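Starting from the known structure of chain W, arrange chains L and F on it as the hints suggest.
Protein chains in written order, with this note's numbering: chain W, 221 to 577; chain L, 19 to 539; chain F, -4 to 350.
It is worth saying that the hints were derived from the structure and are not from the lab.
On a predicted model such as this, the values are computed, not experimentally measured, just so you know.
It is possible that some hints are incorrect.
[Unchecked claim] Footprint (simulated), chain F over chain L, 3 or more residues, beta carbon under 8 Å:
| # | stretch |
| --- | --- |
| 1 | 432 to 440 |
| 2 | 452 to 459 |
[Unchecked claim] Capping the alpha-carbon separation at 25 Å, the derived lysine to any residue pairs in SDA-like fashion look like this:
| # | chain 1 | residue 1 | chain 2 | residue 2 |
| --- | --- | --- | --- | --- |
| 3 | W | Lys529 | L | Ala331 |
| 4 | W | Lys394 | L | Ser150 |
| 5 | W | Lys293 | L | Ala331 |
| 6 | W | Lys394 | L | Leu151 |
| 7 | W | Lys334 | L | Ala59 |
| 8 | W | Lys451 | L | Ile148 |
| 9 | W | Lys511 | W | Ile292 |
| 10 | W | Lys430 | W | Pro373 |
| 11 | W | Lys529 | L | Ala320 |
| 12 | W | Lys293 | L | Leu333 |
| 13 | W | Lys529 | L | Pro511 |
| 14 | W | Lys293 | L | Ala329 |
| 15 | W | Lys293 | L | Gly402 |
| 16 | W | Lys396 | L | Leu151 |
| 17 | W | Lys430 | L | Arg79 |
| 18 | W | Lys375 | L | Phe144 |
| 19 | W | Lys479 | L | Gln502 |
| 20 | W | Lys293 | L | Phe401 |
| 21 | W | Lys451 | L | Leu151 |
| 22 | W | Lys288 | L | Leu333 |
| 23 | W | Lys501 | L | Tyr399 |
| 24 | W | Lys293 | L | Thr332 |
| 25 | W | Lys451 | L | Ser150 |
| 26 | W | Lys430 | L | Ile148 |
| 27 | W | Lys396 | W | Leu576 |
| 28 | W | Lys430 | L | Leu151 |
| 29 | W | Lys293 | L | Thr337 |
| 30 | W | Lys334 | L | Gly69 |
| 31 | W | Lys451 | L | Val312 |
| 32 | W | Lys288 | L | Ala330 |
Note that the Cβ used here is the ideal one computed from N, Cα and C, for glycine as well.
For reference, the chains in residue letters:
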Amino acid sequence: MQLFTRARGPVRRGPLRRSLCAVLLAAGACLALAGCGGSSGSSGKGTLVIYSAQHPETTAAIVAAFTKQTGIKVELKNDDEDVLTAQLEQEGSRSPADIFYTENSNWLQQLDDKGMLASVPSSTLARVPSRDNAANGKWLGVSGRYSVLIYNPGKISASQLPTTAEALADPKYKGKLELAPAETDFWPIITSMIRAHGRQAALTWLEGLKANAGSDDHTPDNETLVGDVSKGDADMGLINHYYYYRIRAEMGAANFHAKLAWLAPRDPGFVEDISGAAELKSAPHPAAAQKFLAFLVSQAGQNVIAHSKSFEYPLVSGVAPNAELPATSTLKPNPITPAQIGTGIDARNLLRQAGLI
Amino acid sequence: MATLSPPRTAAWMTRRRRPAREIGLLVVAGIIALALLSPLALVALDAHSAGWGEIHRTLFRARSVMLLRHTVVLAAIVAVAAALLGTGTAWLTERAALPARRLWTVLLVLPVAVPDFVVSYAWHSFAPRIPSLLGASIVMTLGTYPLVYLPVAAALRRADPSMEEAAHSLGVGRWATLRRVTLPLVRTAIIGGCVLVVLTVISEFGAFEILGYQTFTTEIFTEFQFDARAAGSLAIPLVLLGLAVLLAEGLLPGRTVAGSAPRRAVRPVRLRRMTVPAMAGLGALVVLAVGVPVGTIVYWMAAAQQTTLPAAATLTSATLTTLSYSAAGAAAAVVLALPVALISLRRSTVPRTVLERSTYLTKALPGVVIALSLVFFATRYAFGLYETSTLLVVAYVILNFPLALVCVKASVAHVPPRLTDVGRSLGRGPVAVFVRVTLPLLAPGLLAGFCLVFLTAVTELTATLVLAPIGVQTLATQFWAFQQNIAYSAAAPYALVMLALAVIPGTLLGLWFDRERSTRA
Amino acid sequence: MSAIELHEASKAFGSTPVLERVDLDVPERSITAVLGASGSGKTTLLRLIAGFEALDGGTLTVGGRVVDDGARSVPAQHRGVGYVPQEGALFPHLTVRGNVGFGLSRGERGRVSDLLDLVGLGELARRYPHQLSGGQQQRVALARALAIGPAVVLLDEPFSALDASLRSELRRDVARILSETATTTVLVTHDQGEALAMADQIALLNDGTVIAAGAPRRLYQDPPGLAAAASIGEFNLLAAQVDGATARTALGEISIVGPGASAGPGDDGLGGSCQVMLRPEQLELRLVAGSADTAAEVLEVQYLGHDALARLRVRGDGTPVLLARIPGELSLEPGQSVWIAVTGAGRAWPATAAS
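Pulled out of the complex, with its shape left as it was, chain W reads as follows (with noise of 0.2 Å):
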């Protein structure tokens, strides 16, 4: 009988099995340490939960500075403000949140019509202007940023442009602004300018400035905005000041060919955002919580923000913004307060009836 044989090659098999097994048991490792790494909902006594929309990094200076001060510990948990909103929303009286702190001050006034904020104390609210606070004291103004134009000098002359945010909507034009409408700091302009020109007014407003954006159906965020004005692919835009000098620091000053230019005084489209933050009715470390909202709005609090990369003012007075920020007494913003700005619901229907959204 003959016994032949075809030889194959060496056989591939046991490695393979071998890998999958290595692999398998690392797995199984990993699920054992990252059941032990996570730390569970309930955070330990004397642990501060924050939820922070703000800039993770100016949050994370001020947090580090907070726990110095008072030795509390934090945890932070940072996301979109809007995530964090539906989030608290759902989380509800369980949420393990003591403090939101937001960008806009829009997001806390949704909050507070559902009942979910605890009051500030009134010697934390005392120490910002009283405009910049919830009207109920329900939460803190914190920062302010301004609206502002941006626009390239290579593509349009600083006398071309327009001086108020009603001109933006100039056929003239057509063609040379870039809009960011799903942005939450572009509501307080458009309520702004509900509340100056009355809604109908507003409505054509921004179908003109829709015209002038172009047909492209673009909705940017505001980095690439502020990225696109630079590079002269548009060759204006709407933004919050702080933008502009932040993307303009991470760039380079020789890189960054764009040049903020303000409008007109109390104009409708001059406003002024406030970042703000608020004490959950359910946190579960109450005092923690009032201590981190007082530091906030202290000398020590506001000089973190202040020197911070947010180019963000501080609205406590007596604390002086970034020095390349120009002086908060040169700005005349429009008086609307972020009480009138309300939850921005209707700035939302309009830029839906615009079909801007």
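Positioned in the frame of chain W, the structure of chains L and F alone reads:
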């Protein structure tokens, strides 16, 4: 016929067992499917509380029609492009005499590992004036073609070359053979991959935000800013789209026969003059899909104006966290995919197919919807789990289950029932046969599923932001945090580590095919 | 004592009946071949005995134990029935040694070497299935099935995938191994030659029923009915008039046996007509006319090496084409005239009773 004494009845006669074992499997698979579909419950609840009027207004305005058109057009374009690209590259690496085949196999799989937000940012800086549809198509095609490449390459490897040889002997030319013989053989694989591609496009958000391409999903995110519940109801068209895709796939005729392994190794097609163009084409593809994002990241790091480099400690802890969560999610996804893949093995009835297909549905939903649905369930019914790593791992499983299922199913189809029959005839019970015969044969598919889910989980962002234990960072969330600060140079190292992490399973995945010496079953 | 008894076994898949009231007795230590065309239900029969399917009706007894009575059944892993499917079905992830030892407990693993020696593959213990040829794989599969010391071994078309030359060699080896181990074997095949060569008993399966069972020689030479005759070997069928122990056919007077024969004309009450079967080797061809020979014309000759099959038509008659087996050296051309002489007796059945 007469026996000398009455036959003794066997001591352990059992009730007819035929349906019993299968019922256990069906129940397990059913529970898994229900768990996977649970986010839809939240979508339904949101819709209910938003009220029909609100939904009507949101869904049926002119903009919605435009969005739907955008989503469908993009999905169609990307599906076709990814199918062409995936099939073409699979043919090149499996059937052609390509130099450095193994290297190409690994490189071609890598795009799965590149975070989509990095890709679109890279493309936006690369070609900012690109029309948004073109940009979105390019980005998505480059990112999803591996989902077609993988199953098609596996199918080609198993396909019997004798059919193509028969065609040649009948005088059918090379291209015609490709079209009329080879492609039909791998049709199921192509279509399966395309289903995944379409679902991925439908649920994609991060890539489009930067490119400015409006789809239903980007709209959900915009809508989130106004009314989370209306946003939830916007997910309904996504689910319906997903259903339509799955139904269409189910209706398509023809299943390839679970191939018996080829008797001979395939003789690779010599490319001759086409070798250089083929290599150049593949090279261009890899450069576009992987090189551009990597190059952008490196450029960011080099162009750093502010050197806020991350501390080694944060980078290490984020890496370890990412590793452990992703591995846990991948392992869980693969283990859970097994029963679901097995239910259609012996008998393929309509209810079983529906059960199996239903698990694909949540892939049409964006990550944030799934994350919030888990918040909903956890805060109400399982608070101990809330903001623990377990819940995040569950999210990873729900998000990526179809990827694991596709890989495991591909392997399951090649375990002939004959082998389990023989195992039983040799005296081993069903469990022993499963462990000693079925599992080892499934090993390559399990491994591939693990790698694919791992790769996707490493770059997962939106669900992680919502569900991760407070204060715990993964590479993706760290990247995002720095990017929010516009500190791209600081964000870059995290992206690079994500890519580095992904190279290992990417390589394993690529080698899965190479190692798969066709076995004679 | 029968190792396997099937009594009125029935099985249907959905509404399609596959086996209907099958009776089969497999004696111990013998090889029974189940012979039938594709679709006759052979594999189902095997799977029923193995325990992968359950009977719808009837009983199945293995080794004296009732393992399936139509309502309850013993699962396959408890039956002690070895199963070798088509193409071996070796576990591709295990070596030869691993395959053969699969059904053995740790203590019994020593048997593997003996079994491999038995099938002649001693030095291939470390190889993987894909490194073996088809014949070697079949041997390993057999060794694997024998390893657990089964009461019965079932082989499903075990040699169909092999080359012809390999087949006969492997057949002999397998028959030897099975008799050496005194194993009861049920072998399913569609190859008549294989069944005739290997089996102690052949069961003819046609459309879900066993139409005949018996020793190969008897079935071939003395088939119980026409269908049985048609299932084994070539045959010629002639219409005839019965006249006692002879019949008048187109080939002249032939002596007959079987149910068609009777003592005298008209005795059976059927008017004396019957059908007579003659095997091809019973037709002798001569180039020169003999006394009782019939003239015929050669239509074609199928040369088989060891002999040849000639197709003939009787001159001037409407009889169907006849098959004659002739020695290989005899070279005939189409159109050539030959004379047919009949040797031996023909098997006769009444004309109306065809089976």
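Evaluated hints:
1. 432 to 440: holds (count 5)
2. 452 to 459: With 4 residues closer than 8 Å to chain F, the stretch 452 to 459 of chain L meets the three-residue bar; holds.
3. W:Lys529 with L:Ala331: Between W:Lys529 and L:Ala331 the Cα gap is close to 23 Å, so the pair holds against 25 Å.
4. W:Lys394 with L:Ser150: holds, 20 Å
5. W:Lys293 with L:Ala331: This hinted pair holds, its Cα atoms lying about 19 Å apart.
6. W:Lys394 with L:Leu151: Holds: W:Lys394 and L:Leu151 sit about 23 Å apart, inside 25 Å.
7. W:Lys334 with L:Ala59: holds, 23 Å
8. W:Lys451 with L:Ile148: This hinted pair holds, its Cα atoms lying about 14 Å apart.
9. W:Lys511 with W:Ile292: holds, 9 Å
10. W:Lys430 with W:Pro373: holds, 22 Å
11. W:Lys529 with L:Ala320: OK: W:Lys529 and L:Ala320 at ~21 Å, within 25 Å.
12. W:Lys293 with L:Leu333: holds, 21 Å
13. W:Lys529 with L:Pro511: Holds, at roughly 20 Å.
14. W:Lys293 with L:Ala329: OK: W:Lys293 and L:Ala329 at ~20 Å, within 25 Å.
15. W:Lys293 with L:Gly402: holds, 22 Å
16. W:Lys396 with L:Leu151: holds, 21 Å
17. W:Lys430 with L:Arg79: Since the Cα atoms of W:Lys430 and L:Arg79 sit roughly 18 Å apart, the hinted pair holds (cutoff 25 Å).
18. W:Lys375 with L:Phe144: OK: W:Lys375 and L:Phe144 at ~21 Å, within 25 Å.
19. W:Lys479 with L:Gln502: OK: W:Lys479 and L:Gln502 at ~22 Å, within 25 Å.
20. W:Lys293 with L:Phe401: The given pair, whose Cα atoms are some 23 Å apart, holds under the 25 Å limit.
21. W:Lys451 with L:Leu151: holds, 21 Å
22. W:Lys288 with L:Leu333: holds, 23 Å
23. W:Lys501 with L:Tyr399: holds, 22 Å
24. W:Lys293 with L:Thr332: holds, 18 Å
25. W:Lys451 with L:Ser150: holds, 18 Å
26. W:Lys430 with L:Ile148: holds, 20 Å
27. W:Lys396 with W:Leu576: Roughly 17 Å between the alpha carbons, so the hint for W:Lys396 and W:Leu576 holds.
28. W:Lys430 with L:Leu151: holds, 20 Å
29. W:Lys293 with L:Thr337: With a Cα-Cα distance of about 23 Å, the restraint between W:Lys293 and L:Thr337 holds, given a limit of 25 Å.
30. W:Lys334 with L:Gly69: holds, 18 Å
31. W:Lys451 with L:Val312: holds, 22 Å
32. W:Lys288 with L:Ala330: holds, 22 Å
Of the numbered hints stated above, none is contradicted by the structure.
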